[in-house]
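Peer 1: Following the hints, position chains B, C and D against chain A.
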Amino acid sequence: MDKKKLQAQTVRELLDIMDEGNLSAIRYKDGDVKIELERALPRVDGLSLPHMAQRVRELIDTEASASGTTQGAASAPVAQDESSDTLVRSPMVGTFYVGPSPDEDPFVKPGQEVLTGQTLAIVEAMKMMDEIKAPAPGIVTEVLAANGSQVEYDQPLFRISTEASAQ
Amino acid sequence: MDKKKLQAQTVRELLDIMDEGNLSAIRYKDGDVKIELERALPRVDGLSLPHMAQRVRELIDTEASASGTTQGAASAPVAQDESSDTLVRSPMVGTFYVGPSPDEDPFVKPGQEVLTGQTLAIVEAMKMMDEIKAPAPGIVTEVLAANGSQVEYDQPLFRISTEASAQ
Amino acid sequence: MLKKVLIANRGEIAVRIIRACRALGIKTVAVYSTADRQALHVYLADEAVCIGPPPARDSYLNTTAIITAALGTGADAIHPGYGFLSENATFAKMCRDNGIVFVGPAPEVIDRMGNKSQARRTMMDAGVPVTPGCRESFHDAQTAFEAAKQLGWPIMIKASSGGGGKGMRVSESEDDFIEEFTIAQRESQNAFGDNTMYLERAVMDPRHVEVQVLADTFGNVVALGERDCSIQRNHQKMVEESPSPALDPATRERMMADAVKACKAVGYTSAGTIEFLLDRDGNYYFMEMNTRVQVEHCVTEFVTHVDIVREMLCIAAGEKLSFTQDDVRLDGHAIECRINAEIPEKNFMPSPGTITQTHLPGGNGVRVDTAIYDGFTITPYYDSLIAKVIVRGRTRLEAIEKMRTALEEMVIVGVHTNLDFQYSIMENDTFRAGKADTGFIDKFLKGEV
Amino acid sequence: MLKKVLIANRGEIAVRIIRACRALGIKTVAVYSTADRQALHVYLADEAVCIGPPPARDSYLNTTAIITAALGTGADAIHPGYGFLSENATFAKMCRDNGIVFVGPAPEVIDRMGNKSQARRTMMDAGVPVTPGCRESFHDAQTAFEAAKQLGWPIMIKASSGGGGKGMRVSESEDDFIEEFTIAQRESQNAFGDNTMYLERAVMDPRHVEVQVLADTFGNVVALGERDCSIQRNHQKMVEESPSPALDPATRERMMADAVKACKAVGYTSAGTIEFLLDRDGNYYFMEMNTRVQVEHCVTEFVTHVDIVREMLCIAAGEKLSFTQDDVRLDGHAIECRINAEIPEKNFMPSPGTITQTHLPGGNGVRVDTAIYDGFTITPYYDSLIAKVIVRGRTRLEAIEKMRTALEEMVIVGVHTNLDFQYSIMENDTFRAGKADTGFIDKFLKGEV
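Chains as they are written, first to last, in our numbering: chain A, 1 to 167; chain B, 168 to 334; chain C, 335 to 783; chain D, 784 to 1232.
These aren't lab readings, by the way, just hints derived from the structure by calculation.
Where hints are given, some of them may not hold.
Claimed, not checked - The calculated lysine-lysine pairs, modelled on DSS-like cross-linking and capped at a C-alpha distance of 27 Å, are:
1) D:Lys1103 with D:Lys786
2) C:Lys654 with A:Lys127
3) A:Lys127 with C:Lys337
4) B:Lys294 with D:Lys876
To be verified - So these bits of chain C aren't anywhere near chain D, every CB distance computed over 12 Å:
5) Val555
6) Pro579
7) Gly697
8) Ile712
Because the structure is a prediction, the values reported are computed rather than measured.
A virtual CB, placed ideally from N, CA and C, is assigned to each residue, including glycine.
Isolated chain A (complex conformation) (with noise of 0.2 Å):
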């Protein structure tokens, strides 16, 4: 019989047993005859080096500078720049709905006023509802998340001008 057939045959059933046994690699010997098989890992699409190194870079460069300017001074809290408005956050992770059912209005659109407490929509978690309220009085100035999109904690929702309800 034909060496040369012997051993591709020999390779097709090492190759069999590769996937039977889900190996990402076989080494096979027998006196002179030596086969190694390795199986490709599969390419990870979607990530690029400028992609990874670039979140990294930002996390280092924001951190260094920031824990530089808090070395001279107290730092103040966070952007305070629109003190009239109240944001209202998720407290939780889930999904986000803005009416009771698919089929149902909304419990609010912006520019309605609303009062404290008054349901403004729901987050999903795992048949968990969570009813999400104003926390304050004032007009829904804006939605700030997607009906039926998942919302992480602490996400904000819905932007609410107190100020307005003052006046």
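Peer 2: Okay, now just chains B, C and D, sitting in the frame of chain A:
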């Protein structure tokens, strides 16, 4: 024969082999008998954690703040607070001699006036003598290295007050 | 292979897992509390979800938030790291119920090994040595006292639900038994809401030696040698090494075989650790099993060249182990020092703060696992581990000298650390002689060794 | 053991050697030029001596200054690192004459291997394969042309004193021989003050494969496997790996045996490297020997677990090698990427400047050797290598993925680097297939691979 004795004998022989071969470890196995010898490394004395880390810390502290400054404005050259003084520095690594030979007088003494090109000292490296000459006229105000000591490249050797001479 | 893994952890282990995922081409999701907005793991992952406020119970222990984040980002698996939810059977079951792969053993196995007296019985049945003790558990001091007389003193009184040294007391003799039992039981009730106790003969001056195992879903189990973790304070490990200087080859073989036996007895899968107490005569006894990756897994990686976190991911993806017990060789000696932000002089009080400057050691045979960077703020909410320095040498003494060299050049400015303390352990004669047992740190602090 | 070693070098290799010395309990003396006052090696050493102004010829190549510094500080040995004085026989002899141990081979051996045509003849006599060529050397183009006709084309025209590609030209046919010979000879005369030339058959599309050896003063020689350094630009290596993907086990065995033979033929001691050209048919030919530690020694350390710099110091101290050829195992796969401060888009122009921020990769199987730190200024006086990233995996593809992951998270701010360029090599199909020869980078830059 006593088995324990036999093994002590083996250990001693292994120790000899270690000494001969200048080995740091030896592993011996003969049936059930297994002997491992490892030589304790000498402790490093005179070194300690604070010493080492302190030096590295100095370096990264200094350079980080230095690079921080130079980003803002072009950095000025180093310390010019004694502008009327000239520092005479060693042109090479070597041994510093204030006179032509141990039993002769030094070339110059503090307080002495010198002229440009006048020999101040000798730096010797591997039988090569290098005469250190005054770069400008002035008064020798200080000898900054000890006679017979090792000096490095660029190390200040003499301070010459050029202003005093100009008066 | 898995497509996207959510890492339900923070700090250096989150970074460790993200790196292992990326090398396998798996996308990663980080979760973080508001205290960790600027943490390295958040920036290294492909996606990140804020899951709650700083207290761990509201974020890193918040099972609902984490499962929701996994479902929302389309992660097909969750790696729990160590601590937090890593040994929480309920969480592992939640993952399964939601169609998410839990990178660890089955919830039933976590449960079985989590109950200490049940685990002990399982091991006895499997023929793994346990300390002489009573098979039954007790709820009543008098009944326990009668059993204790049969057993003989000194006796270790332990809580069935115990962990981290809580609900654990030594009775030296008949005289103190009732008192110690009552205290231990009250501790257990308070800590775990369970007053079930059991009794063992106390092993005096033991060493803590543990065996690392890997088990796939095809029934293959390999033991990756042992780690000696005797250098500990209040059951907190400080220095770990592999191999143990106290184990001879024959005992090592038996211990590894017993660890494999233990895993097979409970149908274990993933990476795990069987902890043993080793007495002065070379006898060892099963203590407990940790059903997760350990902080100190890196020393095993350095002497076996097996990437434990990578293997965990491959096992979770349903792959067969690509090597057998025969392929495992212990090669050289590795040591890990845990670097904590703490003040050893003030009873190891944590030292939060902002790190302003760092210089980490590197080079041949030196590995540093950390999530710190210049400008990173260590908050008071989580544990104080900020870096692990792991070294490898051909012999134990070579490794010790390498660790000394690494610690000598390491600089962390901005918080207090135990760097000097760890350095002084490397210089201690008892440690260098390989003679330190679990009582070492107490004696070291008193200046007795 | 040695008591105090002066390191006649700078940058990452000086740091590497200082760490190895410290782990052995040897004190260290750094030397530095005024441009390196704030260099890491100066601060890591126990003592430091400024030896001259920035130009290397006045400082790091200033033999008198370095010997004087060694004598003045009481150093009993000098480690030359790589580059600078590492292959300078005169310097090695100066050390000997001044009672200082030169950490490297004897001056006579450096000399013998430094002359390329003499080294070639030595290898031929020892039975090590060399490319077919003329045994004689030539000073005259016409005489050489006559010999060339016997040899057959393509022909490599080389300078006896050559190095780094200078005085080396390929003659494709009879037509261009005289012209190429004349150019090569002129280059050699200008670069080395020597117009002695020799001829070899040119090996087309070769791979660069080199064998690492260690030899003690008792005549023991071991080969630590090979490194494939085919990824190079203008004879500057960029990526190195071990083992070579192009070598089958039988050829590896023969190549290692030939390397040992070569060392024994010249009475070699210390660490050294035998460089071979490997052609497409698996034939290999002696190219030259590097009588020093190489930049890429780390990949060998990762697969053999031998600390090469430590062994060099032990050998220099007169110790016997503590292991034999039988103990050497190649375990796993290691890759090194050289990270340079340079601009690949502008023909790899060096990019000096101050490094303001860094994030270095770490974790399992990742090693970084570097002397940079935040705030360090890279001056234009020396070479542009600022870091070496070395990774280890169980297979070649695992190592490639690990390198990709490491490069992805690495950040160096303040200077341009070749990080992206190295990353794109890791992603290249020809490289990933293990098919890159020494022509790879040229084709890669032209977009042909």
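Peer 1: Evaluate each hint against the coordinates.
Peer 2: Cross-check of the supplied hints:
no., hint, result
1, D:Lys1103 with D:Lys786, "18 Å, holds"
2, C:Lys654 with A:Lys127, "37 Å, violated"
3, A:Lys127 with C:Lys337, "26 Å, holds"
4, B:Lys294 with D:Lys876, "17 Å, holds"
5, Val555, "19 Å, holds"
6, Pro579, "19 Å, holds"
7, Gly697, "5 Å, violated"
8, Ile712, "18 Å, holds"
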